[in-house]
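Position chain B against the provided structure of chain A, taking the given hints into account.
2 protein chains.
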Amino acid sequence: MRYVVGIDIGGTNLVVGTVAEDGSEILGLVSEPTLAERGADAVLERIAKLVRTSIAAARGKEIAGVGIGAPGPLDTARGVVLLTPNLGWTNFPLRDRLSGALGLPGTLDNDANCAIFGEWWRGAARGSNHVVGLTIGTGIGGGIVLDGEIYHGASDIAGELGHMTIDSTGRRCKCGNYGCLEAYASGPAIAARAVEGIEAGAETSLPAYVQDDLSKITAQVIYEASHDGDAYAREVVHDTAKVLGAGVANIINIFNPQVVVICGGVTLAGDQLFVPLRSEVKRRAFKPASAACRIVPGELTGTAGVYGAAAVFMRRTWGSP
Amino acid sequence: MRYVVGIDIGGTNLVVGTVAEDGSEILGLVSEPTLAERGADAVLERIAKLVRTSIAAARGKEIAGVGIGAPGPLDTARGVVLLTPNLGWTNFPLRDRLSGALGLPGTLDNDANCAIFGEWWRGAARGSNHVVGLTIGTGIGGGIVLDGEIYHGASDIAGELGHMTIDSTGRRCKCGNYGCLEAYASGPAIAARAVEGIEAGAETSLPAYVQDDLSKITAQVIYEASHDGDAYAREVVHDTAKVLGAGVANIINIFNPQVVVICGGVTLAGDQLFVPLRSEVKRRAFKPASAACRIVPGELTGTAGVYGAAAVFMRRTWGSP
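These protein sequence lines map, in sequence, to chains A and B.
First residue of the first sequence: 1, per the numbering used here; consecutive thereafter.
First residue of the second sequence: 1, per the numbering used here; consecutive thereafter.
Don't take each hint at face value.
Each pair may be met inside one copy or between any two copies, as identical chains are not told apart.
[What the hints assert, rightly or not] With a straight-line cut-off of 25 Å between C-alpha atoms, the simulated PhoX-like cross-links for lysine-lysine are:
#1 49 <-> 242
#2 174 <-> 287
#3 61 <-> 49
#4 216 <-> 49
#5 242 <-> 174
#6 61 <-> 287
#7 49 <-> 174
#8 282 <-> 174
#9 216 <-> 282
Bear in mind the hints are in silico, worked out from the structure with no lab data behind them.
Next comes chain A alone, as it looks inside the complex (with noise of 0.2 Å):
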């Protein structure tokens, strides 16, 4: 049995692991803050200890490369990061200096293309042909897997699913458009949301959660008042919903897939997001096309990213998964 290092880069952390070539296990799992603000070479090396640190704790086993995941806009084929506004890397030649720093070949993709293929290889997307997908966190990001492969359209940028706009005249996205998806449903656009409510006046027990101090409320402290039974976060819950509720049905009105899959942490608000999420689809899309179509919440928590970036190089290599 071979093995695959799977490196997921995050703005705010770095996850490796050791993933057996046939996904059914993965050693030596282990993360740390990526600490961008140190620059990229600290950033480079710092992967390169997590890496040495993994293969460590997988014993011996034969490793057979890396597969890197990180934030867009990229050159998959070249393994350039183009431009990371999160990171501030720009042009950066990641997989060749990442390869070279620790003598072993390696792949480059999109980190939510890696997420949502390591869902589509093994996890909730297990089995199914088309899968798209979002990775909800800071901002949205998206994933399409047709016919079992990622989509990566004419210059490696498809599937900015979070940049689709549902309300054309609506709130003031970070990317310069307007209604984009990701400027009500991000984490921060949830708790932002939360916040202008309050600040209207609305009556919640919010504030009690973070002492106080506003700026400190983030989408998780509303699930926690949501799932604790306070009426306004269950609010806020079901708006985050119905908005994801206009774009999944957009996807699958635009690419009638198996499975929508939900990653990152607003699948905390479990149940409470999930269920008016499904009826809003059910409202909105086509219905031999939502009928069609599982919308589940991703199974790899934290994990996603490390088996698809893994998954990635094993395909690219050897033809599979």
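Frame of chain A; chain B shown alone:
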């Protein structure tokens, strides 16, 4: 050289032509009103008659089969029209009925898929790998060609791009959803928006084009008034461009295609539509994705669906184009 009869079944018109295997010519192009209200059998007879007329006009060419394009949803593998509100057909075995009547093998695919496949093969998107298109008429259809293949999704429903929500609380669409692209930018929706403005007091010469019978205002009348310099008609076209721009920007962010091709009557508006449309897309879409993509009107006016339906037959039977 072999020939294939392409059949484009629309809610209003039937178009049939005999297409050369290399796409170099279309012979015996004939058209008739669909007259769907006379029932499926009558429409089938009329189509068979048109096919025989077209084959006769092609004078002794070797006819390999018929490619049929029809509104969906369809079951393309079984050649069955599941449901077409415009034609009133339900679970109608169109391919086999027509094949049987003509003594020729046949294939069935969605009409919008065929139109965009036609533009990919012989029209405005020739030579591009990833092409997404809109067919704008009574409704808005979509076709997705990825890696030179029509993308059908899990159950043949993919590509319902007209029912992409761009304003989640916006205009009610015939599909039951709110804020679909089709609810703003189909031919009848463009006319309805113009009439609403006139009824609200807009100053315009449009009523003069229809003898003051506002129910006679069509999108085509609006393009005509716009070309004649009517400021309000220009505003309606401009608003259409902005709405289409939001939809096309979504398509570009999602698919990162080389070409977005826009077919149908709306292309009559010419630069008055396409110039603001392209600028709206530029404002909304990710720069590297919009820079990689041409937005063009279809070139095969009236014949895209015929070319594409024939090409679908050729592809499934001979593996190309």
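ask   = Which numbered hints are broken by the structure, listed smallest first?
value = 1, 4, 6, 7 and 9
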